[in-house]
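For this one, chain A is given, so just place chain B on it according to the hints.
Top to bottom, those sequences are chains A and B. Residues 1 to 293 in our numbering are what the first sequence spells out, letter by letter. Residues 294 to 710 in our numbering are what the second sequence spells out, letter by letter.
Derived from the structure by calculation, the hints contain no laboratory data. Accuracy of the hints is not assured; some may be wrong.
Only pairs whose alpha carbons sit at most 20 Å apart, straight line, appear in this in silico SDA-like list of lysine to any residue [what the hints assert, rightly or not]: (1) B:K576 with B:A707; (2) B:K576 with A:N132; (3) B:K576 with A:D142; (4) B:K471 with B:K427; (5) B:K571 with A:S55; (6) B:K427 with B:T445; (7) B:K576 with A:P124; (8) B:K571 with A:N60; (9) B:K571 with A:H56; (10) B:K571 with A:L57; (11) B:K571 with A:D119.
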Amino acid sequence: MALLEYALVGGILYGVFFSLVGIGLNLVFGVMRMINLAHGQFIMLGGFGAYLLSSHLGLNPVFGIPLAVAGGIVIGWPLYYAVVPRLQRSNDPEMLSFILFFGIAQVIEAVTLLVFGADQHSLPDSALGSGNIGVLGQDFPDSWWVAVAVSVLCIGGLYLYLSSTRLGFATRAIMADRDEARTTGIDVDRVAAIAFVIGLSLAGIAGVFVPYMVGSVSPSIGGGLTTTSFAIIIIGSLGNPLGTVVGGLVFGIGTMLMQTYYASWSNLVPYALLLVIVLIRPSGLLGKAVRSA
Amino acid sequence: MRKFLKHAWTACAAGAVASGLALSGGAAQAANAPSVLTIGTLYASSGPFAVASKGQFEGLQYWADTVNKDGGTYVKAFKKKIPVKIIAYDDQSSTATATTLYNQLITQDQVNILIADFGSVLTSVGIPLAAEHKMLLIDPTGSGANFFTKKTDYLADVSIPSSTVWPLTLGHFLLGQKIQRIAIIYDSNDFDASQAETLKATLEKGGVKPVYYHGVPTSESNYTVLLHTIAAQNPDAVIEFGYAPNDIAFLRNLSSSGLHFKMTFTIFPGQLLDLMTKNVGAKALAYTYTYPTPPLVQTQKVTYGPNTAAFVEQFKAAKNAEPNFLDVAGYNTGLVVQDMLETAPAFTQLSFHQALMDMSGKTTTLLGDFKINENGAQLGELFSVGQLVPSGNGNKMVVVYPKEKATGTAVYPAPAQ
Chain A
1 MALLEYALVG GILYGVFFSL VGIGLNLVFG VMRMINLAHG QFIMLGGFGA
51 YLLSSHLGLN PVFGIPLAVA GGIVIGWPLY YAVVPRLQRS NDPEMLSFIL
101 FFGIAQVIEA VTLLVFGADQ HSLPDSALGS GNIGVLGQDF PDSWWVAVAV
151 SVLCIGGLYL YLSSTRLGFA TRAIMADRDE ARTTGIDVDR VAAIAFVIGL
201 SLAGIAGVFV PYMVGSVSPS IGGGLTTTSF AIIIIGSLGN PLGTVVGGLV
251 FGIGTMLMQT YYASWSNLVP YALLLVIVLI RPSGLLGKAV RSA
Chain B
294 MRKFLKHAWT ACAAGAVASG LALSGGAAQA ANAPSVLTIG TLYASSGPFA
344 VASKGQFEGL QYWADTVNKD GGTYVKAFKK KIPVKIIAYD DQSSTATATT
394 LYNQLITQDQ VNILIADFGS VLTSVGIPLA AEHKMLLIDP TGSGANFFTK
444 KTDYLADVSI PSSTVWPLTL GHFLLGQKIQ RIAIIYDSND FDASQAETLK
494 ATLEKGGVKP VYYHGVPTSE SNYTVLLHTI AAQNPDAVIE FGYAPNDIAF
544 LRNLSSSGLH FKMTFTIFPG QLLDLMTKNV GAKALAYTYT YPTPPLVQTQ
594 KVTYGPNTAA FVEQFKAAKN AEPNFLDVAG YNTGLVVQDM LETAPAFTQL
644 SFHQALMDMS GKTTTLLGDF KINENGAQLG ELFSVGQLVP SGNGNKMVVV
694 YPKEKATGTA VYPAPAQ
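Isolated chain A, as found in the complex (with noise of 0.2 Å):
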């Protein structure tokens, strides 16, 4: 039993965090119906924006989210206005976007290959804490929680944003329908591109984390991060960002409770869920149903 709600406990928290690192990829199509192929790139340069400020400036890696908020903003707004009209423009922009933004993948993959090396890279275990933090009884570590916080925060900070501001209205609007949403006056492009930014930015933010909750980070890891990310937004419902949050909640207990009673199956969690979610309910499990007249 104490096995039991220790996975439990700790898939949740496993899963807010995964929330974190999915939610800008559906964010992204949410807005652009493009699917970001470099977002787990974009995650792994958050990390390594946590680790040069870690090694090089003494700093703790918190202070990474800033840096992954001004990362955002100076690659994606130029990055949107460079690429994305353009695709939007030509006759199969989902499948071009998958093709560019695995370049883009391969290019920073590269990148990050030549400036750091090949090599795992990690954070102090002590800049978050160097004890445990126990709910019912369940001890994690200091940096799983605060993990969880900045993802509840960025989370929580996304929902108002959608919910309360008048950006947020028009991205909602956009999400909806890209052509009614220009009709009624909305920039559009000007709403995407600070949407894409948010995603980007989310995914550096959750980069920071990166190297406390997968142990270390290196060049090869966006791969499967994109993956994963993919799987999460599938099971909670693609192009609903707040749907990434159950999406995440089922990765994380479902990858836990298979850790604690069948630990050399727990990497299919993911998969098999999307085959499941897919198979019983398409759109996601907080995805619209839809029905055909």
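Coordinates of chain B only, in the frame set by chain A:
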């Protein structure tokens, strides 16, 4: 990103070699000798095996540079020295890419000698291809037990013991210490699973049944919940078999979990100590047990090539960097190839293999005794059990078992850090 060294003369060289074999007489052989020996290999510049693979490749390149400075390596079949040229492709740690590239080395580049990439995962796909093309695969560090289950003339594990024999000393150490409650967690791949199986069998033979015995995916990166599950079994010793990224995650999670075991063992602190110290921290690594490998342990008396200490000095002078085990393994692979070429009477794959078999049991290099069986498994170069003991700001390696190699005694139970 694929980096490769292209050569245009391979077909001519292969033709020359084939003609040379058809002729008799030393002069005719020398006349038909290729101008350069081509050695085909793969390395990974990215992905989970990049660090280890690049180390192994660097060691092999260093060997090639060394012999070329001396005019090349002596080839008995042609009775002359011939320079070596390494043709290397980047498989990016992908078995799919490695399959294509091994095929390219064999069929397009028609290399004279084929050397596998680092580790069991990237070697596994080369073994059937080499056998199919009747090409001897020189296997530096692919040690998965499944590779060596039947007699073959086309596989030779040269720089690392078969993983089935790695944990034998560890098993005997655990039994000798009378540790009864042992947890084993391993990655589900040939390299780690075969070690786990051997250790389990060794322990069970000694009357100890592991209290926890589970595999995890090779991609596992978070051990926090797993460690808690293991702790629930109250083990005294926790043995983790994984690759370097797994060991890093495992040891970091253990350090931050607040859990403590009397003994913790992982593989890669003994092979990539600098990398592990950088990521895990000296404090968290303290009292961890591992397989200490050269250059952390030294082979003094050798029958071929420099001993470990001499190699370390030469490597440092040439590369301005401390070698790690993978550098040694790559260099040792070159040395074994060199010895093979010096003794093989004919320039054929079968003759190469026979030369290796003849060297077996009679050769000692900087990695230790070279001893392969008819299945291609390396049974020499056995690992000891070592423990990292705090020393100054870091840790020093102390060999604790077997007795005849021990440089100190085990600190058991390990004090909490």
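Hint check:
1. B:K576 with B:A707: 12 Å, holds
2. B:K576 with A:N132: Roughly 18 Å between the alpha carbons, so the hint for B:K576 and A:N132 holds.
3. B:K576 with A:D142: With a Cα-Cα distance of about 18 Å, the restraint between B:K576 and A:D142 holds, given a limit of 20 Å.
4. B:K471 with B:K427: Between B:K471 and B:K427 the Cα gap is close to 48 Å, so the pair fails against 20 Å, i.e. violated.
5. B:K571 with A:S55: 11 Å, holds
6. B:K427 with B:T445: 10 Å, holds
7. B:K576 with A:P124: 12 Å, holds
8. B:K571 with A:N60: Given that 20 Å is the threshold and the Cα spacing comes to 17 Å, the pair holds.
9. B:K571 with A:H56: 14 Å, holds
10. B:K571 with A:L57: Roughly 17 Å between the alpha carbons, so the hint for B:K571 and A:L57 holds.
11. B:K571 with A:D119: 10 Å, holds
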